[in-house]
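Kindly produce the complete structure, drawing on both the sequences and the hints.
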Amino acid sequence: MRGGRSAGLPRAASSSPWSQLVLGWLALPLSAFAALLIGALLILAFGANPVTGYHALLSGAFGGSYALASTAQKAVPLLLVAAGICIAVRANVWNIGGEGQIVMGALASTATVLAVPGLPAFLLIPLVVITAAAGGAIWAGIAGFFKAYFNVNEILSTIMLNLVAVQVMNYLLSGPMVNKSQSFSVTGLIPQTKLLSENSWLPTLVSGTQLNLGVVIAVAVAVAVYILLWRTGFGFRTRAVGLSTDAAAYAGMPVKRTMMNAMVLSGACCGIAGAVLVFGSISHRMVTDGSLTGFTGNDGFNGIVVALFGGLNPLWSILSAYLFGGLLVGGTAMQAVIGVPTDLVTTIEGLVVIFVVSIDYLRFRGRRPFSCAQANDGRRSRLDLHLPQDPRGACHIGPHHGAARGQEDRHRAPLRGHARAIGRDDGGPPDQRRKPCPGGTHGRGEARGPRSRRTRRQGQRVGARGFARRPCRRDRRHRWRVR
Amino acid sequence: MSGNGQRELGEAIACLRPHSRGSVKVDGVELAGKKASMARRAGLGYVPEERMRDGVIGDFSVAENLMLVDSDKPAFARLGFLRRRAIRARARELVATFDVRTPGIDTPTRNLSGGNIQKLILARELSGRPKALLVAQPTRGIDVVAARYIHDRVREEARRGTAVLIISEDLDEVISVSHRVLVMYEGAIIGEVDPRTTSREAIGLMMAGISRRDGPSASSQDASAPERAPVARPVPGSEQSRHVQPFAHRLPEAASLDLAWEPGND
Numbered sequence: 001m002r003g004g005r006s007a008g009l010p011r012a013a014s015s016s017p018w019s020q021l022v023l024g025w026l027a028l029p030l031s032a033f034a035a036l037l038i039g040a041l042l043i044l045a046f047g048a049n050p051v052t053g054y055h056a057l058l059s060g061a062f063g064g065s066y067a068l069a070s071t072a073q074k075a076v077p078l079l080l081v082a083a084g085i086c087i088a089v090r091a092n093v094w095n096i097g098g099e100g101q102i103v104m105g106a107l108a109s110t111a112t113v114l115a116v117p118g119l120p121a122f123l124l125i126p127l128v129v130i131t132a133a134a135g136g137a138i139w140a141g142i143a144g145f146f147k148a149y150f151n152v153n154e155i156l157s158t159i160m161l162n163l164v165a166v167q168v169m170n171y172l173l174s175g176p177m178v179n180k181s182q183s184f185s186v187t188g189l190i191p192q193t194k195l196l197s198e199n200s201w202l203p204t205l206v207s208g209t210q211l212n213l214g215v216v217i218a219v220a221v222a223v224a225v226y227i228l229l230w231r232t233g234f235g236f237r238t239r240a241v242g243l244s245t246d247a248a249a250y251a252g253m254p255v256k257r258t259m260m261n262a263m264v265l266s267g268a269c270c271g272i273a274g275a276v277l278v279f280g281s282i283s284h285r286m287v288t289d290g291s292l293t294g295f296t297g298n299d300g301f302n303g304i305v306v307a308l309f310g311g312l313n314p315l316w317s318i319l320s321a322y323l324f325g326g327l328l329v330g331g332t333a334m335q336a337v338i339g340v341p342t343d344l345v346t347t348i349e350g351l352v353v354i355f356v357v358s359i360d361y362l363r364f365r366g367r368r369p370f371s372c373a374q375a376n377d378g379r380r381s382r383l384d385l386h387l388p389q390d391p392r393g394a395c396h397i398g399p400h401h402g403a404a405r406g407q408e409d410r411h412r413a414p415l416r417g418h419a420r421a422i423g424r425d426d427g428g429p430p431d432q433r434r435k436p437c438p439g440g441t442h443g444r445g446e447a448r449g450p451r452s453r454r455t456r457r458q459g460q461r462v463g464a465r466g467f468a469r470r471p472c473r474r475d476r477r478h479r480w481r482v483r
Numbered sequence: 001m002s003g004n005g006q007r008e009l010g011e012a013i014a015c016l017r018p019h020s021r022g023s024v025k026v027d028g029v030e031l032a033g034k035k036a037s038m039a040r041r042a043g044l045g046y047v048p049e050e051r052m053r054d055g056v057i058g059d060f061s062v063a064e065n066l067m068l069v070d071s072d073k074p075a076f077a078r079l080g081f082l083r084r085r086a087i088r089a090r091a092r093e094l095v096a097t098f099d100v101r102t103p104g105i106d107t108p109t110r111n112l113s114g115g116n117i118q119k120l121i122l123a124r125e126l127s128g129r130p131k132a133l134l135v136a137q138p139t140r141g142i143d144v145v146a147a148r149y150i151h152d153r154v155r156e157e158a159r160r161g162t163a164v165l166i167i168s169e170d171l172d173e174v175i176s177v178s179h180r181v182l183v184m185y186e187g188a189i190i191g192e193v194d195p196r197t198t199s200r201e202a203i204g205l206m207m208a209g210i211s212r213r214d215g216p217s218a219s220s221q222d223a224s225a226p227e228r229a230p231v232a233r234p235v236p237g238s239e240q241s242r243h244v245q246p247f248a249h250r251l252p253e254a255a256s257l258d259l260a261w262e263p264g265n266d
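The listed protein sequences derive, respectively, from chains W and B.
Okay, so the first sequence: first residue is 1 according to the numbering used here, each after it adds one.
Okay, so the second sequence: first residue is 1 according to the numbering used here, each after it adds one.
Check each hint, because a few of them may be wrong.
[To be verified] What follows is a set of in silico ranges between Cβ atoms, one per label pair, in the way DEER data are often shown:
| # | chain 1 | residue 1 | chain 2 | residue 2 | range |
| --- | --- | --- | --- | --- | --- |
| 1 | B | Met38 | W | Val152 | 23 to 31 angstroms |
| 2 | B | Pro18 | W | Pro176 | 44 to 52 angstroms |
| 3 | B | Gly114 | W | Leu37 | 18 to 26 angstroms |
| 4 | W | Tyr149 | B | Arg200 | 44 to 52 angstroms |
| 5 | W | Asn151 | B | Ser199 | 48 to 56 angstroms |
| 6 | B | Arg101 | W | Ser59 | 54 to 62 angstroms |
| 7 | B | Arg110 | W | Tyr149 | 27 to 35 angstroms |
[As the list claims (entries may be wrong)] Straight-line C-alpha distance at most 35 angstroms; calculated DSBU-like pairs for lysine-lysine:
| # | chain 1 | residue 1 | chain 2 | residue 2 |
| --- | --- | --- | --- | --- |
| 8 | W | Lys256 | B | Lys34 |
| 9 | B | Lys35 | W | Lys180 |
| 10 | B | Lys25 | W | Lys256 |
| 11 | B | Lys73 | B | Lys25 |
| 12 | B | Lys35 | B | Lys73 |
| 13 | W | Lys256 | B | Lys35 |
| 14 | B | Lys34 | B | Lys131 |
Read the hints as simulated data drawn from the structure, not as lab findings.
Note that the structure is a prediction, hence the values are computed from the model and not measured.
C-beta atoms are modelled at their ideal positions from N, C-alpha and C, and glycine is treated no differently.
Given below as structure tokens:
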């Protein structure tokens with residue numbers, strides 16, 4: 001997995017092994033845990049028992065072979081979309097149009113089966129997968145083309161294309177592709193296709209469950225995407241473009257083409273998810289209720305969450321998809337048992353995203369080329385406290401203290417960064433000079449040499465006459481601002 | 001002095017910036033209007049000015065950055081698949097040859113010091129056996145030892161017959177490594193001098209826009225004098241830049257980097 005997890009999760013910002021652990025490996029489990037914790041509070045707010053609720057959720061998702069199989073089945077489209085998202089986001093294009101691409105993939109493959117229903121299964125199923133991939137790829141390719149060559153924001157264009165896709169679906173399913181032989185009802189024909197050729201059905205793997213060939217397809221796609229991203233020249237270029245278009249252009253890589261191809265492949269994965277939704281369904285026909293969610297079950301968006309939670313690595317996304325599939329399946333069970341809406345599960349998902357993204361932010365801030373002291377004009381937040389200490393040891397170089405101890409400073413290493421900028425009282429108008437601290441004794445009575453933060457935090461200092469003194473208020477206020 | 005078109009010139013030579021006129025030739029191969037990949041294929045090596053932005057990808061490992069420009073070369077990719085063993089073997093070799101101080105070839109490049117990153121970039125560019133080497137700000141912000149090492153490597157490369165163009169703001173560097181110095185002022189080459197015979201003051205005046213031909217008083221009125229503008233040179237190892245110097249000793253087999261442009265204010 002080298003190049004996998006480590007590539008997916010940039011190294012933790014600080015050198016401290018603890019923050020490395022928390023920001024690196026424990027980041028995702030912790031964010032999931034935090035999200036579930038807040039979810040528990042919400043369940044409480046609904047007046048239900050969160051323990052019962054989560055128990056129902058867990059047993060509904062993972063209790064018994066039927067539950068496990070349903071979860072796997074639910075995870076299949078999530079995983080396919082997530083694999084696609086991995087490609088796109090690695091190239092730094094955000095494909096928010098998974099929904100539309102699922103629909104277009106489903107439409108393309110359904111149309112194929114309607115056109116050639118007689119092919120034997122071993123031909124028809126690969127054909128279904130290929131046409132579905134093509135449908136999704138074309139739909140994503142539109143956004144990718146305009147992104148790459150005309151700099152059209154891909155987030156907006158993919159979302160807009162979702163809206164177009166749903167109308168295309170509604171038109172096709174109620175017009176050209178509608179099942180004309182259904183019994184007439186008052187409201188007209190139900191917008192659905194006829195029962196699709198049995199040869200196109202994805203064969204069930206374990207009888208008595210819903211588990212079908214889709215699982216194999218999804219895992220194969222995830223593995224293929226992993227190989228593509230980390231073992232091929234195309235993947236190398238994709239990741240290079242995603243991390244730095246400047247460096248990629250400098251290296252002579254075709255930046256625009258790579259972006260567009262990443263989008264196309266991303267759409268292809270989503271398109272396959274559409275085929276699985278149709279040919280792995282129980283009804284074996286394509287139906288619409290007029291909305292996107294009605295057909296996709298929000299998989300196009302949930303897949304993004306899955307990919308993020310999987311560290312943008314398709315192999316970890318397998319696990320992540322299974323967990324989120326469990327959350328969705330178990331959410332239904334939880335609703336049945338304690339009567340909270342399944343939307344709560346959506347909320348938990350959203351919380352996971354928020355936590356994952358914020359941890360990414362924390363991880364990122366330490367990697368800035370300049371220390372926060374320089375970047376923020378000396379203002380440090382508590383989050384920076386784990387950064388390596390000033391090697392001079394003394395973390396308190398208040399302006400007035402620097403002046404008071406002018407003679408000591410000669411024996412010290414030069415001040416750096418912000419400390420140098422403000423660390424000396426080098427004159428200036430007398431009325432603007434820092435006055436000696438009314439508490440007195442700064443500098444004079446202090447122990448020399450490095451001082452641990454621990455002593456400092458206890459807030460006690462040896463005064464001039466040997467009294468233990470509390471630092472003055474200004475001192476306390478500035479304690480962490482300047483080292 | 002920066003801000004007189006040096007960076008733009010460098011990027012234009014490397015085909016990272018569209019050309020409006022003029023010509024760039026590497027050993028006779030015309031690059032004007034071509035893409036960066038074609039410049040590389042023609043044998044141009046380029047050490048960029050912004051090494052963290054353009055030269056390497058900080059999140060990539062040392063090994064990955066060492067093959068950044070080679071991801072489609074058959075030596076490292078077979079049927080589109082990366083040949084990891086070959087890549088790692090060469091990365092180890094380059095790290096050793098060029099004395100890149102790194103804990104390992106899998107270390108993220110952003111953890112390296114500026115000098116080591118510059119050595120890494122130089123290693124990558126030189127390993128491609130360039131015919132012409134363009135080095136922008138070779139030692140800016142780099143420690144003395146690494147800077148010296150880089151100068152030595154670049155000189156050695158010039159001795160081998162590679163046309164080397166250095167774009168630098170460090171006058172000492174320009175004078176000590178160059179054979180010819182071209183001074184840029186306000187987007188144009190204001191003149192060429194021989195660093196061995198020209199005083200720093202003279203070069204300094206040119207940097208301020210005072211050409212040697214002009215009296216100090218007649219400084220900039222004729223900045224657009226036509227006789228000065230076209231710079232076309234079929235000499236092995238020529239180049240332009242604010243301070244320039246190709247090291248190419250005039251070896252018969254020396255490669256060339258020829259630039260030419262017409263007067264104009266682009």
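How the hints compare with the structure:
For the pair Met38 (chain B) and Val152 (chain W), the supplied restraint of 23 to 31 angstroms holds, since their beta-carbon distance comes to about 27 angstroms. At about 47 angstroms, the CB distance of Pro18 (chain B) to Pro176 (chain W) agrees with the hint of 44 to 52 angstroms. Checking the proposed 18 to 26 angstroms range against Gly114 (chain B) and Leu37 (chain W) shows it is violated: the Cβ atoms sit about 44 angstroms from each other. Roughly 49 angstroms separates the CB atoms of Tyr149 (chain W) and Arg200 (chain B), a value that falls within the hinted 44 to 52 angstroms.
In this structure, Asn151 (chain W) and Ser199 (chain B) meet the distance hint of 48 to 56 angstroms, their C-beta atoms being roughly 50 angstroms apart. Between Arg101 (chain B) and Ser59 (chain W), the C-beta spacing of about 56 angstroms keeps the proposed range 54 to 62 angstroms intact. Under the hint 27 to 35 angstroms, the C-beta atoms of Arg110 (chain B) and Tyr149 (chain W), about 31 angstroms apart, fit the expected range. A distance of roughly 16 angstroms separates the Cα atoms of Lys256 (chain W) and Lys34 (chain B); the hinted pair therefore holds under the 35 angstroms criterion.
Restraint check for Lys35 (chain B) and Lys180 (chain W): not satisfied, since their Cα atoms lie roughly 56 angstroms apart, outside the 35 angstroms limit. This hinted pair checks out: Lys25 (chain B) and Lys256 (chain W) have alpha carbons roughly 26 angstroms apart, not beyond 35 angstroms. For the given pair, Lys73 (chain B) sits about 23 angstroms from Lys25 (chain B) by alpha-carbon distance, which is consistent with the 35 angstroms threshold. The hinted pair formed by Lys35 (chain B) and Lys73 (chain B) meets the criterion: a straight-line CA distance of about 17 angstroms does not exceed 35 angstroms.
Pair hint Lys256 (chain W) plus Lys35 (chain B) holds up; C-alpha atoms about 13 angstroms apart against a cutoff of 35 angstroms. Using a Cα cut-off of 35 angstroms, the hinted pair Lys34 (chain B) and Lys131 (chain B) holds, with the two alpha carbons roughly 17 angstroms apart.
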